[in-house]
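Student: Work the whole structure out from these sequences, hints included.
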Amino acid sequence: MSRIARRFASLRQHGRGALIPYVEACDPDYDTSLAILRGMPGAGADLIEVGVPFSDPSADGPTIQKAALRGLKGGSSMKRVLEMVRAFREGDDETPIILMGYTNPIEAYGPERFCVDARKAGVDGLIVVDLPPEESDLLAGPAAAAGLDIIRLVAPTTPDERLPVVFSGASGFVYYVSITGVTGTRTASTDELAQALPRLRKATDLPIAIGFGIRTPELAANAVRVADAAVVASALLNTLETTLDEEGKATSRTVPAVLEQLRGLADAVHAVKK
Amino acid sequence: MSATQTPAGTNSLRSGPDNRGRFGIFGGRFVAETLMPLLAELETAYRATQADPAFRRELDYYLKDYVGRPSPLWFARRMTEELGGARIYMKREELNHTGSHKLNNVMGQILLARRMGRTRIVAETGAGQHGVATATVCALFGMKCAIYMGATDVERQKPNVFRMKLLGAEVVPVTAGAGTLKDAMNEAMRDWVTNVHDTYFLVGTVAGPHPYPEMVRDFQSVIGEETKQQIMEAEGRLPDAIVAAIGGGSNAMGIFHPFLDDPEVKLIGVEAAGCGLDSGLTAASIERGRPGVLHGNRTYLMQDEDGQITEAHSISAGLDYPGVGPEHSWLNDIGRAEYVGATDQDALDAFQLCTRTEGIIPALESAHAIAYAAKIAPDMAKDKILVVNISGRGDKDIFTVAERLGVKL
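From first to last, the protein sequence lines are chains A and B.
In terms of the working numbering, the first sequence opens at residue 4 and continues consecutively.
In terms of the working numbering, the second sequence opens at residue 31 and continues consecutively.
For the record, the hints were derived by calculation from the structure and aren't laboratory data.
Glycine residues also receive a C-beta, built at the ideal position from the N, C-alpha and C atoms.
Each statement offered as a hint is correct.
Residues of chain A placed beyond 12 Å of chain B at every Cβ, according to the derived structure:
{"id": "1", "residue": "S13"}
{"id": "2", "residue": "E93"}
{"id": "3", "residue": "E115"}
{"id": "4", "residue": "G125"}
{"id": "5", "residue": "R218"}
{"id": "6", "residue": "V229"}
{"id": "7", "residue": "T245"}
{"id": "8", "residue": "G251"}
{"id": "9", "residue": "P259"}
{"id": "10", "residue": "A260"}
{"id": "11", "residue": "H273"}
Here are the in silico distance ranges between beta carbons for each label pair:
{"id": "12", "chain 1": "A", "residue 1": "P162", "chain 2": "B", "residue 2": "D363", "range": "34 to 44 Å"}
{"id": "13", "chain 1": "B", "residue 1": "D48", "chain 2": "A", "residue 2": "T193", "range": "40 to 50 Å"}
{"id": "14", "chain 1": "A", "residue 1": "E263", "chain 2": "B", "residue 2": "G54", "range": "50 to 60 Å"}
{"id": "15", "chain 1": "A", "residue 1": "P259", "chain 2": "B", "residue 2": "G147", "range": "47 to 57 Å"}
Tutor: Here is the structure:
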């Protein structure tokens, strides 16, 4: 059983939903992002998404765009991202790590070598934003061979008849993009979520995470009432941004501020009895 | 032989893309899941128009009476004499309404968008030619229009920005990245994914996710179809070579495509070499890039070792793009078309040569094609025929050119 499957099984056993925070690699520098990553499980993260900075994040809103640029400026590369995961794994063998990013840096690294190296570093799953099922043969073989879960995105625009296509070859969990839009902008209403989830449950047995627009403990709690997990990214990155100095460098407040916000989100999520 | 469109057989180079939207390894549909159902809907709607003679009639009507087609094929006598080699013909796309080839595609897509019931149009633009063309048809049909344009380009293409605003479009400057075409494309995609319910994304070049490369090519192929007929009338045979400038590659694809199955016609795409192919300041994606995935398709891209997209450079805003249409990437790899570079300086020289000898002020984009034609024409025999695509007129560029020539306007 993969780390992701194990973690969701254990959460289910305890009647709890999951909080999945996001950290952008090398934002604003390697050490700070690694410190945030290392602090996340202690602050209540159940699984963690590590963002792989890309120069052209066309599905992301302004917050993640800026984080990606800071990450690139902070010396990120695929090699560096994997190093960071390896460093995290030295102290944590339980918390699943999911890399989230775009196709081109993976293609540039070489899909097969990437999957092997990512697995070795301790990565558990991949979310590739611009790699829909129709193009997934690029990664499907190498990821399966390496034992990496491919987490599929599903959107409000995905029609019922397309759900089997999206979920074929999916593993780990399913990521529901709860709005039509980019990250960190609009928030789906409770009604919209309540309508969407049964439709997805009918088509998959995998755990479902909700992302896009979840910025407060209340919204995160709402999400896990209907789904299995809530993903929070832009809200944490906004907090990080406010702690940077005038030159965009991390300050002594950066790591604690992000982790403190995470704790508030996690407490709200874990207070929901499922 | 027939001078108009011939159906492409299975052995034809004109039958692409395949059902996955691929030209060889290039093309495809690399977009977020939110957009996948929309691309499927777009493809279905496009296939329906292809099978509908009424759509063709409607498009032909607008192409003739609004765009002003057919555009002439002009024998450039003085330039031919000055260069002393091949007979040079110019396909006069700069005479289209709005001053470039862009309207051919925009007219086709706006009719499609109307059929799909969309009420709002978003588009990206570099030099502003596609933005102006899009704003124009939105004015014509009374549709809402948002044009995303890199902040750098907004600055260097002021006349076109003003035109778009006059036409009723909202021009949104994009400050992300270097503020050029690639960043405008990202932002237009973000708008589309946010407003999928009423918005049509009107892509301006033969790039993006399937079916855009195919669709834009089909709408631009009118250039090559007319050229074929016109050169047969003028010379009784096909040309020896066709030269066209390449940014995303829509004017080149439009003039190349009807000739793909005529191996005697050499097809030459001229990329913007910027300050030189090896200067590090270039937009020559095919010559200096390598295959990768950006903006929905796999194609040749300017990128670093880590797969981060690098900024392109060209004096011409319309060529300042780190990618190229996937069909060009494929034509390069199979050797059917040849891709070369012309520098900023080459383009400036050709801009002046064309203006001085033919009384035609070409767009700086088109000047790249003229530059390469002027380079090879002298070494070709006098009975050889060279066709250059004059994709746009240069009024928009006079400020840039004046500055480079040290003239204060």
